[in-house]
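Residue numbers (this note's numbering), protein chains in the order written: chain A, 1 to 451; chain B, 1001 to 1300; chain C, 2001 to 2316.
These aren't lab readings, by the way, just hints derived from the structure by calculation.
The structure presented is a predicted model; accordingly, all values stated were derived computationally and were not measured.
Think of the CB as a built atom: it goes at the ideal place given N, C-alpha and C, for glycine as much as any other residue.
One or more of the hints may lead you astray.
As the list claims (entries may be wrong) - Which chain B residues face chain C? A few, computed with CB under 7 Å, are given here:
#, residue
1, P1047
2, I1110
3, L1113
4, L1144
5, G1231
6, A1276
7, I1279
8, I1280
9, L1285
10, M1286
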Amino acid sequence: MTRNILSKTAATRRKVLKFGAAASALPWVHIRTAGAAGTVSIFFWDHWVPAGNDAIRKQVKAFEDKNKTEVKVDFITSQGQQTTLTINAEAQAKSGHDVITIANWTLRDQEDNLENVDDVVKRLEAQSGPANEVANYLGKGKKGWFAVPSSWGTQNKGPVARISLFKEHAGLDVQKMYPAANVPQTPEAKAWTMDVFLATAEKMHKAGKPFGLGIGTTADNTDMAGSIFASFGAQLIDVDGKIQIQSAAVRQALEYFQKLVKFLPADAQSWDDSSNNRALISGAASFIYNPPSAWAVALRDAPAIAEDIWHFAPPAGPKGRFTPHSMNFWGIWKFAKNKSAAKELIEFLMQPDNVAERSTAVLGYDLPPFAKMSESHVWDKIGPPVGTVYNYPVRPQHHSVAHLAHMPAPPEIAVQVYNRGTLTTMLAKMKAGESIDQVIKWGNIELEGFI
Amino acid sequence: MSGATAAAGGPVPRKKSKVGSLERQQRISIRSSYAALSIFVVIFLVPPFYMVMTALKSSAEISAQQGNPWIVQSPTMENFIQLATDASFQRYFINSVWVTAMVVIISMAIAILAAFSLSRMGFKGAQVLSTGVFLTYLVPPSLLFIPLFQIVGTLGLINNTWVLVLLFPTLAVPFCTWIMIGYFNSIPKELDEAALIDGATYPQILVKIFIPVALPGIIAATIFAFTVAWGGFLYPLAYLYSADQATLTVGIVRELIKGDVFAWGMIMAACVMAAAPPIIVYTFLMDYYVAGLTAGATKG
Amino acid sequence: MADGSTMVVGASATTPPAPRQGGTMKRLARRRSMAALALCAPLIALIICLKIYPTFYAIFLSMLDRKMNHFVGLDNFAYLLGRPSFHLVIFQSCLFAVTAVVMKAIIGFILAHLMHNIRGSSQRIWRGLLLVPWVIPLSLSTLTWWWLFDPSYSAFNWTLSWLGLPEVPFLGTVWNARISVIMVNTWFGAPFFMIMYLAALKSVPEQLYEAAAIDGASAWQRLIFITLPMMRNIILITVLYSLIVTFADFDIVRILTNGGPQDGTHLFATYAFAVGIQSGNIPRGASVSLFMFPVLATLAFFVLRDVLNRNKEVAT
């Protein structure tokens, strides 16, 4: 597979045209001829499954041909927080793409700058059933929807394990725990608790194949830590915006992490969203929290490891199971130049057929936000090993809740805690040997600054 | 420096033996210099060496992690070929070349005119200006990129390579001016005074005397401006966010790093290709550059 | 020079206006200084529009609230000074700048001396090889360093375990990451010091050493009493210049650690970027970068004094 990972479309370049000199200096400017009903620009989150970008580009092409509208497409990676950076830059500059891909808390941060898309979401809901809870929580404001829930890159970051290593070192058969079939919760799955999780982490650590859980400040790490906190009922900030770091639940979660961090790799504190993937693909780690992208890349670069990978549900804590969920939306800037075409494009891309086609192309990575779409059989037969992503979407038999780190804190506070990685920094401090009291004290001062 | 204590403080030996021991001492010191320098060269060249080695590896070889990572086992040019034929990478390259060319031309024009004026013509406040020029380095780009973000935003230049053409000269011009003043000052005043008396105009003096004589300085300053524009990272990172506007440095750092994908062979190949132009320039023109850099300093 | 002389010959065809009374002279002088000013106009415009104006604009910005609707005075500064994570930024910026500059100065000094011992054409080759770190664009070489440090694929750690030594999480703990960042900066900047010092060494008159050798001075004594005093100026200015650049460094930390782990490696520049551009709090980002100002102003004082002294020397 030598897919060109770089190739990007550059159709029109409205901006450059403003500068005649630039246009003449840059010979690749391409202007579509008459007949086009305007242009619209969109930036997509750069997909972590290699085939994703091509799939969506194909659909965009279909839209262009159908609507005689020109679409300028950019793919921007979330690595190095580039998407957040772009969104903030465009918001400040009041210029940029018409449509943006915007995730999680950042969406709430930009609520005032985004165009109302109530009509689009209403039509989609009529067609494909209601949007899920996280989508409602994040995307709906007082005046209705201000962004369209998207399947593009919407993901769970649940457990991903090496089947053979779990059997050999921990005596856990993850395929038996979570078979690729619509069966009631197995006894093994029921026994999959935080205590077993910790014990397994220790065994794997001793076996030299540690859990590849990072505690750096990026999204994957924060989402993982956030869901484990949630399963202890621990909130740093409560729904009223009050700091709850002194609570018993937070202390309990920190006590758990104090044990867990010892079994994590020595440099887990510096891990970003790609470190865990590399650790799994290289065979160094036995377990990570991730969508199927690590597996998908392993299929290409390390097939033997890919065949040994299984995705399943998270362990249960005192307050239940929480699957880390990260949700992408497509929003239209208020300053967008071509809002009607932008709405059409989004609606087109969210048609059930297109959503299913993309989810298949990215090997099940994309999770659709609308109820009827989730009934699709996209995840059933994907492999090898066949059925590895069957339990990647949250299924009723998992008894798990999709969770975004720091829910249900008020968004304007949550976005700061999330983007600064306060939670994982607390864990990193514990790994560096600080006591729970020290960490709580530090966290308290940081949190005060966000309120 | 070894053996120095032996000579220190002792009575001055007779001349003959002194010369012999000096020669021997010198030989030893040269040999140990070579030895020490070799160690430094090896250390200094580790990253570039690894860059080249990784560039020659396939993704599969990198992820397999078999054997010695320092040596490529089955070298392939695939990464280079793929990059060279990739539309995005070509665009980064074109953007970089275009920005660099513009910045060099603009910076040199500003610097030469100002240096000529400051060195020869003089006006009220010329002294303040020539000191002030150097002081602009005290306000580094990392202090200014946030207000400049607002300013270029107002100008509508966000996400447009023109923003670099506007901003990079602020980094290049002061030092280029400084180099040029140094070179112009070293041209004997009699030369242009004679020309003036003979009725030459200032533009004539500049074009016919100063530029030819100060050519080494111009080369040095040009290389400096080239380096600044080619390697600039903060401004393009902060102000250019779409792939079609990226220059090489941000294009590689931002667009090629995809967490899940083992594109490291390609990333390193891209680094090799992006580092090649400056390395080639330095290989041929290093002496000018070194002379230019140190010209001002050694006078002090 | 040939060009110059032909020009002079060619120009002599037109008769020069003979200097007459003072009025014309004055008018000529004024015209000349107007022309001189015009030639400097682009430079002045550049400095005013893109250096001085943004500096004051930064001060203005730093006194606004996040949405930039309200004037908040010095609140942003007070806020920052109250955060332990910002104390770390101050500490790390100073540690980074001072340590890296000292290391660069020492290594550069040693290299320059070694290089000075070698004469002739081979010196050019060695100098060229040692200059390579400084020639590669910093962001790209930092990327290579990052790959060398990578947790799962570190070539350094492979070497360590091959030698039977324990592996090191280079970017994993705060102090390791700090040392790594300083190391990369030293690697990058030492060659610059080397060339500057080498040039200075070459400008020290050989007779001084010969005379000292005849007087029986040791190598150490020669270093202390001849080399260092003769190089004093250049050492000072190189160190000052490098302090400014290192203090304001961005590329290395941004790429290598992005400020982590635990915010332990953030410098003013990277922190300002994270706060100002990445999290969209422009005023607070501006406040962060303005914290560089006192340090830079102090350095400015020394540089200014040095430059003025030098101008005086040149003038006399």
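Hint by hint, here is what the structure shows:
no.: 1; hint: P1047; result: 4 Å, holds
no.: 2; hint: I1110; result: 4 Å, holds
no.: 3; hint: L1113; result: 4 Å, holds
no.: 4; hint: L1144; result: 5 Å, holds
no.: 5; hint: G1231; result: 3 Å, holds
no.: 6; hint: A1276; result: 10 Å, violated
no.: 7; hint: I1279; result: 6 Å, holds
no.: 8; hint: I1280; result: 10 Å, violated
no.: 9; hint: L1285; result: 11 Å, violated
no.: 10; hint: M1286; result: 6 Å, holds
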